[in-house]
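The whole structure should be built from the sequences, with the hints applied where relevant.
Each chain, letter by letter, is given below.
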Amino acid sequence: MPNFEWNDLNISVDEDGFMDQPEDWNEQIALALASTESVDVLTDNHWKVVNYLREYYKEFGIAPMIRKLCKQTGFSLKEIYDMFPSGPAKGACKVAGLPKPTGCV
Amino acid sequence: MPNFEWNDLNISVDEDGFMDQPEDWNEQIALALASTESVDVLTDNHWKVVNYLREYYKEFGIAPMIRKLCKQTGFSLKEIYDMFPSGPAKGACKVAGLPKPTGCV
Amino acid sequence: MADELPKTPMLDELEKGPWPSFVSEIKMAAKRSPASKDLLGILERSYQEKIGHWKHGGIVGVLGYGGGVIGRYCDVPQDFPNVAHFHTIRVNQPAGWYYKTDALRKICDIWEKRGSGMTNMHGSTGDIILLGTSTDQLEPIFEELTAIGFDLGGSGSDVRTPSCCLGKSRCEWACYDTMAACHDFTKNYQDELHRPAFPYKFKFKFSGCPNDCVASVARADMSIIGTWRDNIRIDQKAVGDYASAGVDVTKEIVNLCPAKCMDWDGKMLKIDNSTCRRCMHCINVMPKALRPGKDTGACILIGSKAPIVEGALLSSVIVPFIKMEPPYQEIRDLVERIWDLWCDEGKNRERIGEFIQRVGLGNFLEMIEVEPAAQMVAHPRENPYVFYEEYFEEGEEEAEN
Amino acid sequence: MADELPKTPMLDELEKGPWPSFVSEIKMAAKRSPASKDLLGILERSYQEKIGHWKHGGIVGVLGYGGGVIGRYCDVPQDFPNVAHFHTIRVNQPAGWYYKTDALRKICDIWEKRGSGMTNMHGSTGDIILLGTSTDQLEPIFEELTAIGFDLGGSGSDVRTPSCCLGKSRCEWACYDTMAACHDFTKNYQDELHRPAFPYKFKFKFSGCPNDCVASVARADMSIIGTWRDNIRIDQKAVGDYASAGVDVTKEIVNLCPAKCMDWDGKMLKIDNSTCRRCMHCINVMPKALRPGKDTGACILIGSKAPIVEGALLSSVIVPFIKMEPPYQEIRDLVERIWDLWCDEGKNRERIGEFIQRVGLGNFLEMIEVEPAAQMVAHPRENPYVFYEEYFEEGEEEAEN
Amino acid sequence: MADAPKKRTTDIGPPHYEQFLPPAIKKNYGQWKYHEILRAGVMKHVAENGDAVYTVRAGGSRLMSIDKIRMICDLADKYADGHLRFTSRHNIEFMFTDEKKIDTLIADLKKIGHPVGGTGPSITSIVHTQGWVHCHSAATDASGIVKSVMDAVIGHFENMDLPAKCRIALACCLNMCGAVHCSDIAILGIHRRPPKINHDLLHKTCEIPNVVSACPTAAIKPTTVNGKPSVTVDEERCMFCANCYTVCPSMTLNNPLNDGVSIWIGGKVSNARHEPMFSKLAIPYIENNPPRWPEVVEAVVNIIDVWKNNARKYERIGEWIERIGWPNFFKLSGIEFGKMHIDDFKHAGLTFKRSAQLTY
Amino acid sequence: MADAPKKRTTDIGPPHYEQFLPPAIKKNYGQWKYHEILRAGVMKHVAENGDAVYTVRAGGSRLMSIDKIRMICDLADKYADGHLRFTSRHNIEFMFTDEKKIDTLIADLKKIGHPVGGTGPSITSIVHTQGWVHCHSAATDASGIVKSVMDAVIGHFENMDLPAKCRIALACCLNMCGAVHCSDIAILGIHRRPPKINHDLLHKTCEIPNVVSACPTAAIKPTTVNGKPSVTVDEERCMFCANCYTVCPSMTLNNPLNDGVSIWIGGKVSNARHEPMFSKLAIPYIENNPPRWPEVVEAVVNIIDVWKNNARKYERIGEWIERIGWPNFFKLSGIEFGKMHIDDFKHAGLTFKRSAQLTY
Ligand code: SRM
Ligand code: SRM
Ligand code: SRM
Ligand code: SRM
Ligand code: SF4
Ligand code: SF4
Ligand code: SF4
Ligand code: SF4
Ligand code: SF4
Ligand code: SF4
Ligand code: SF4
Ligand code: SF4
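Protein chains in written order, with this note's numbering: chain F, 1 to 105; chain G, 1001 to 1105; chain S, 2001 to 2401; chain W, 3001 to 3401; chain H, 4001 to 4360; chain Z, 5001 to 5360.
Source of the hints: derived by calculation from the structure; they are not laboratory data.
A few of these clues could be false.
[As the list claims (entries may be wrong)] Lysine-lysine pairs mimicking DSSO-like chemistry, simulated, CA-CA at most 30 Å apart: (1) H:K4308 to S:K2288; (2) S:K2260 to H:K4033; (3) W:K3007 to W:K3031; (4) Z:K5078 to W:K3347; (5) S:K2260 to Z:K5331; (6) W:K3267 to W:K3237; (7) F:K68 to W:K3187; (8) Z:K5221 to W:K3106; (9) Z:K5331 to S:K2294; (10) G:K1078 to G:K1048; (11) H:K4007 to S:K2187; (12) W:K3187 to Z:K5100; (13) H:K4078 to H:K4111; (14) F:K68 to Z:K5007; (15) Z:K5007 to F:K78; (16) W:K3237 to Z:K5228; (17) H:K4100 to S:K2260; (18) Z:K5026 to F:K58; (19) H:K4033 to G:K1068; (20) S:K2007 to H:K4044; (21) H:K4007 to H:K4165; (22) Z:K5100 to Z:K5110; (23) H:K4196 to H:K4228; (24) W:K3251 to W:K3187; (25) S:K2251 to H:K4033; (26) Z:K5308 to W:K3288; (27) W:K3027 to Z:K5078; (28) W:K3106 to W:K3027.
Treat the numbers as computed from the prediction; the structure is a model and nothing was measured.
Written out as structure tokens, the structure is:
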């Protein structure tokens, strides 16, 4: 497993840069992971998305469908891509410390 | 609803002679009802059948399938008919104070 | 005996028109029977109110039997006391519904004395239905019926009265003796017929050929349908006669053959018997020219029923071909294995057809020890969800699950 | 660039025989590409061990897009470092898979520089598949591809790359312009194609006539199949020519017509167009004599897919007939209503065909505001379990549920 | 009523058929060679040895008084040495060897109100059930509709003027005792409102687990009402099949305002040409309109007419529609297609049109 | 790797096809009148105005190097003014107006190893998928079997000697990317053992609710193992479809000892004559036997031979079997029928033989 270093953080991630130990997630790590997804600062809007994702995941054990994410956060898909250029699955979920989305590619 | 009298008992029954208030069932009533089904004395064997029916009903909310009744009580179908000439459904269930079997006739 | 008939303005409308009128029938009976008189009255009321007046259920019978009588009470006994009880008796018909008049008259006599005088000739399972009597009459009726050689039919979760087409008695196509088989099975399963102990009803129907004149494939838990294994017998000259007489052999026969296995050049009718489906069409159209083969027997299908609960079913093939010879031991053994399994594993009110669908045909065959055959399916599975039972273990041997 | 190729005794067997050998292809590429060299090695190992060596999943992509790249890593990077990353890029093909060589060569050049040099021409959805590259190459590849006018195809829960038969470009039977429609839909749904936001994938396929040369009915969530409403055009003389040339019009055409709506008396071919099913068979066999009608358009079917989860589906009719004219506004509106509903009510990984089965076709039609038509069913329901929605209230008025 | 069981005759089964066979039938049992239909309702069966037996088939009313049975016995005595039989569709057959008796027998039958016919490409008697005459479950009457329809189509009983056989059946509720599910034309009694539950009685009269499992759409759940065990019905999921009522008298569906009949077509049973098929929904609902259900009669007659005028020889209704396609059937018959025709039960997806083979 | 997004060109879609059309195609777009197949792989399309275009179709290997693409481009430059196309089954087509080029083009194609054919009543290229070349899910390889089968049946590619078209497809797992479910002959990779669950990783890598709902037979239930959320599989209910693996890397099914292929037949897609049909199971299991899977090749060849020798003109495999019946197919092909052929999934009951139309 590759390690990923950022400032004083050292996180073990998989090839796609998803956390190996999602239970270790914290806001620092979110910032660190964001940096790998072309996101430099995490604005309130970013956090709104990240928090929604985490809460949804905690409650249902899955990531929300993207349409639902947009509806609930109030962002259009375009806005989400503007915030997370690699998209909600690869970008936002990674920053939020969710398991890597599988299945339908 | 017709009333059915036997010795000093007076039970309200439906046209087929099944109890209107199955919750009132007791051993006396069983004897009374038995008399309407060509059963004069309730032997131990009779009671075995009656008790099995009641217990099964209490547990599952339905009368057992007849094959099961035979298996569990150890009586052949013929023996059941010998004890309850009008048969397990009409005879034994009535004596046991179960609701009238419906459905498949 | 009965006085004036009730006023039945609506029912009277049903005495008009050329088809035999059931209202006139009830009126005839009502002249003598108070029950039939009240039947007229209560039926007129149903016509006025658009609702039936019979109560649910009713469990009555004769001693020693669990079936054969359908209990019925009306919900307005105060108005129609003579149909307060209106039980129906199912009397097992003779195979093929053949009668001599003296036997029928004896039944009529019993029914005149002890019932409403109304009947169904016959019920849709096949019984003689004696329609409407009271509980106290049941034992006497039973006694009198058995005295003239009749017995009750099935009802409840038992073997239902088997029935059959007239088969060899009058039909040139019968591939086995349906009436003999029907009678034999009926006699053999008297206990199962009279003393319900199954999860649900079980019906046998016997048709002598794939025309299936008792509709067995649609309404029998076991449908035994005559067929043949060898070649259709052709009388070429007779084919020519049909053609000369105006039958368009190509259009009316060859083109309608579902197997597309026929050829007619105006002189010779050729049939590829290896793909012929024994559908009967060509034989039906030219009975003088074509006949089923000589290696006859039956195919056995299982599980048809009306829609409730899982949707209607047609019977499906369980024995592609079997010779039909008394005492039908192989079939009896099969039937018993099926019943044993179904009684042990079937749910309450689960017909055998539904049971098979639930456990899977493949598993069912295994449990009743019948080898799978390609004739049992319309086609092999389309989905790749195969329960492979064999596999290799790490140590190289082929294992079985 | 690459040194000696690995030993691949098993794969070498696949260079024998007359059909083009994919092994020879990989070897060609391996001469230049270390990735293809390791592909040879890892594949030989799979052949030896009878198991693949690719890890599950992988989520990589280009910025601003959610799909178009399939991430892939091998599970033995220590042995085959050059395929440690082996991502695939789906490049949207031009409608009808027509190319000029210069365009293809440019793609090859990019792929020579930045990938393994191996491709699929094409993937089974229709994309150009560029097989095997590493994460750091993705952005540059994307940039270079767009520079030569190509864009990525779909992957993930989005619109998948639409495809079409060659239609009017070379086929006399095309009932509408499939390539135009395919291109139009692809362009119109760029956002939905590149940014997955559906419950699952959604595929469009366009066939110009019922021969369905892109197999749309089997593998498209929306299958748009050309057809006509008026009469088949017949050139009786040309029919006669076919007959003279040895075509047995009765056997090969009339008798195979599924509608049985043709008649041939040796001179005139008659077709009852009111029952003709537009199956194409007669036209296929005698292209010089028969042609589809002139009132052409398409029927739209919906919901086909591979077996998982609920079993495979073929598409089913949702619009029996529609004229196919740009900008296809009516279809776009329909598609959008369908997507809105499916996105709101669909479950995760539930294809539209499964969704319709779950909610019921009747309800689905109601929700997308489409009137039911008899063409949408093979036959009306067989079970009597009808959800009646209208009924009378006590107060006599007809109410709706 | 409670007599001690005495020694009784039981399990004797039905009488053996052999004693009832007409002599010529008994003699040639299994030896038949071919048959001809001489005219509607009259057949000649010829044995290998040349013997011929004539059969006259009379329409039965099924719901018959013993008076009528006796009249028929009189005719059997007069013409057929006291032999007769009933058919699997409740008609009455007389068999004899003397061809000359045919006409007078037919005339005598007419006198007691029984037409002759039902053979070959014709309509024969309607298989049916009890209806308001005897069953608690009936959503419509059986005999009244049957009589009204047969009055209207008797021409097709007495004349073999149809493309093929047309089997009509009626069942007064979804239990389908008439096995209408495989008929050319089926008339089926239906409800349109969910059960009314009598919570006070239910626990005494019904086995709740059986009630719950009786529901094809799982609309029924156990519950407690006023402290008593009972059930609730999710009315959105109820499609009024009344199977709950079959096992539970305290859940009634009969509803004069909303009960009625539906019409189903295109089923068959024989294997001739096409395999057996189920009937399919043609008309979802027609009000009960006793005593003669004119709308039902009209609907049946319309279907028969459209079929007769459009089908080819030997095409049963289902085979005809399969050839021309259901869209054409709806067009030709003028029946409107709608949501209710679309299957939504378990295998619904298999009934969707999954091809581009279309007619317009 | 984390560059800030710069202004990039996106969402341009594919290039417009028009720029790629050969001139004669562009000119006569939508004006085609009829066509002829001159010989296997060679077609002539004639326009209303009399213009003719010749098409030569070469078998593609699909898995192609850029080297080969360049060679093919060279041929397109030489013969077709730099135009070419690929077909929906991955063959390569060259179109031009000069009939005389046909033979030399074919010869040149042969030189680079590409046969010409696949038109009319023939076998064309096998639609297939990734296999061990690229996919994690593969129960078998794709390209190796395809190559081996095509080597054996190339005669039917190069000669139109079959009763009808025969479409072969291969998918390396039940996801069926090759859409093999409607093919005349389908080769399908299959597993035979339930998933092995990595309970340590599962909760980190998989969304448990999705895993549970992924199972077609509801064999998967959530559970806790060693304090970690995970799932359990009821192995009795597992039929090895691997859909759980698709959504969950921690449930692997690949198993060298037991993976293999199954053969399915009788599907079709076109509406010609018969409506589209699914393929049906012919052979439940053949071991993986790389590099050339001789048993698979033999099985496919046998099916083709039996069909070729018994079918009528225009009968696709499924149509042929529908006429002669599946029992005859099993008899003629020598394939054994067994329990695994009998459907036991959701609609299984509808595949039982529900009629007496039988062959022996
Ligand atoms: C590349 C391709 C196969 C090929 O060799 O051509 C392919 C490859 C994969 N498909 Fe596919 N599918 C491909 C066309 C199809 C098709 C055919 C079609 O589109 O016409 C189907 C059947 C039609 C359908 O959509 O149902 C198909 C049905 C699936 C499924 C099952 C979907 C379903 O609803 O049943 C999956 C599983 C999934 O989505 O999770 C799947 C999943 C996959 C994945 C992503 C594996 C996975 O489980 O994550 C494969 C990646 C392989 C790899 O590593 O390269 N693929 N997949 C095809 C796409 C190429 C292209 O874009 O042109
Ligand atoms: C008497 C009876 C059998 C019995 O044991 O009672 C009988 C007797 C004959 N049937 Fe039948 N069938 C009888 C009920 C049936 C049924 C069952 C039903 O309708 O419920 C069927 C299946 C109907 C269905 O498919 O839905 C039936 C389907 C046939 C067929 C196939 C017709 C078809 O084309 O589908 C034939 C062949 C024919 O008529 O050409 C046939 C032929 C015959 C023959 C010709 C057989 C013979 O050689 O004697 C008999 C006279 C036919 C006629 O009436 O035209 N019989 N026949 C039944 C008379 C019923 C009635 O009173 O009308
Ligand atoms: C009398 C008869 C109708 C008639 O007028 O002819 C009849 C009458 C009843 N049937 Fe039936 N069935 C009759 C033949 C049938 C048939 C046809 C057949 O046997 O060929 C069927 C369809 C075939 C089948 O078995 O599926 C039939 C399918 C049912 C069903 C549905 C069973 C199922 O599995 O779907 C029920 C409901 C039940 O069993 O609880 C039922 C229930 C009933 C009950 C007992 C009503 C009930 O829910 O308790 C009816 C009593 C009516 C009454 O008061 O007289 N009846 N029933 C038929 C028996 C006469 C006879 O013995 O000859
Ligand atoms: C080039 C191509 C379309 C494309 O846009 O790429 C194409 C082109 C033609 N098809 Fe096709 N079909 C093509 C894939 C298909 C497919 C799809 C598939 O196989 O995946 C089908 C459906 C197959 C199926 O049913 O499973 C298909 C079913 C047909 C049929 C119907 C055949 C039948 O009897 O079932 C015809 C009519 C005929 O050949 O008589 C047809 C006829 C034609 C004609 C004659 C149309 C024309 O006038 O140009 C073309 C040449 C036929 C030939 O090859 O004999 N084409 N054709 C595809 C060539 C594939 C290949 O390389 O082999
Ligand atoms: S089923 Fe066959 S054997 Fe029996 S009466 Fe009908 S036609 Fe004759
Ligand atoms: S019996 Fe039927 S399948 Fe056989 S040849 Fe005659 S018409 Fe054809
Ligand atoms: S689908 Fe029809 S229009 Fe398209 S290429 Fe095939 S035959 Fe021609
Ligand atoms: S297109 Fe098909 S259905 Fe129509 S006439 Fe031709 S063969 Fe018959
Ligand atoms: S169909 Fe229904 S209402 Fe009619 S007799 Fe049978 S159970 Fe009773
Ligand atoms: S009527 Fe039928 S669907 Fe409605 S609750 Fe009762 S059993 Fe269920
Ligand atoms: S069929 Fe399965 S193994 Fe093959 S490419 Fe598709 S998903 Fe992968
Ligand atoms: S392999 Fe398929 S059946 Fe088995 S557990 Fe996984 S999803 Fe379920």
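For each hint, the structure was consulted:
1. The straight-line distance between the Cα atoms of H:K4308 and S:K2288 is roughly 27 Å, inside the 30 Å bound, and the hint therefore holds.
2. Distance check on the hinted pair: S:K2260 and H:K4033 sit about 26 Å apart at the alpha-carbon level, within 30 Å; holds.
3. Note on W:K3007 and W:K3031: the hinted pairing holds, with a Cα-Cα distance of about 14 Å set against a maximum of 30 Å.
4. The straight-line distance between the Cα atoms of Z:K5078 and W:K3347 is roughly 53 Å, outside the 30 Å bound, and the hint therefore fails.
5. Proximity of S:K2260 to Z:K5331 is assessed by CA-CA distance (about 19 Å); at most 30 Å being required, the pair is judged to hold.
6. The straight-line distance between the Cα atoms of W:K3267 and W:K3237 is roughly 9 Å, inside the 30 Å bound, and the hint therefore holds.
7. Proposed proximity of F:K68 and W:K3187 is supported: the alpha carbons are some 25 Å apart, at most 30 Å.
8. Straight-line distance between C-alpha atoms of Z:K5221 and W:K3106 comes to about 51 Å, which puts the hinted pair past the 30 Å bound.
9. Between Z:K5331 and S:K2294 the CA atoms are separated by roughly 23 Å; this keeps the pair inside 30 Å, and the hint holds.
10. Note on G:K1078 and G:K1048: the hinted pairing holds, with a Cα-Cα distance of about 16 Å set against a maximum of 30 Å.
11. A distance of roughly 20 Å separates the Cα atoms of H:K4007 and S:K2187; the hinted pair therefore holds under the 30 Å criterion.
12. Restraint check: the Cα-Cα separation between W:K3187 and Z:K5100 comes to about 39 Å, which exceeds 30 Å; the hinted pair is violated.
13. About 14 Å separates the Cα atoms of H:K4078 and H:K4111, which keeps this hinted pair within 30 Å; it holds.
14. The straight-line distance between the Cα atoms of F:K68 and Z:K5007 is roughly 29 Å, inside the 30 Å bound, and the hint therefore holds.
15. Of the pairs offered as hints, the one joining Z:K5007 and F:K78 holds, with about 15 Å between alpha carbons and a cut-off of 30 Å not exceeded.
16. Simply put, W:K3237 and Z:K5228 have alpha-carbon atoms about 79 Å apart, too far for the 30 Å limit, and the pair is violated.
17. Among the hinted pairs, H:K4100 with S:K2260 is inconsistent with the structure: their alpha-carbon atoms are about 43 Å apart, more than 30 Å.
18. Of the pairs offered as hints, the one joining Z:K5026 and F:K58 is violated, with about 58 Å between alpha carbons and a cut-off of 30 Å exceeded.
19. Note on H:K4033 and G:K1068: the hinted pairing is violated, with a Cα-Cα distance of about 51 Å set against a maximum of 30 Å.
20. For a cut-off of 30 Å, the pair hint linking S:K2007 to H:K4044 is broken: about 46 Å separates their Cα positions.
21. Under the criterion of a C-alpha separation no larger than 30 Å, the hint pairing H:K4007 with H:K4165 is inconsistent with the structure, at around 50 Å.
22. This hinted pair checks out: Z:K5100 and Z:K5110 have alpha carbons roughly 17 Å apart, not beyond 30 Å.
23. Restraint check for H:K4196 and H:K4228: the C-alpha separation of about 17 Å stays at or below 30 Å, so the hint holds.
24. At most 30 Å may separate the alpha-carbon atoms for a hinted pair to count; W:K3251 and W:K3187 exceed this at roughly 46 Å.
25. Restraint check: the Cα-Cα separation between S:K2251 and H:K4033 comes to about 25 Å, which is no more than 30 Å; the hinted pair holds.
26. Taken as a hint, the Z:K5308 and W:K3288 pair is honoured in the structure, with Cα atoms around 27 Å apart against an allowance of 30 Å.
27. Between W:K3027 and Z:K5078 the CA atoms are separated by roughly 26 Å; this keeps the pair inside 30 Å, and the hint holds.
28. Proximity of W:K3106 to W:K3027 is assessed by CA-CA distance (about 22 Å); at most 30 Å being required, the pair is judged to hold.
When the structure is compared with the earlier hints, violations turn up for hints 4, 8, 12, 16, 17, 18, 19, 20, 21 and 24 and for no others.
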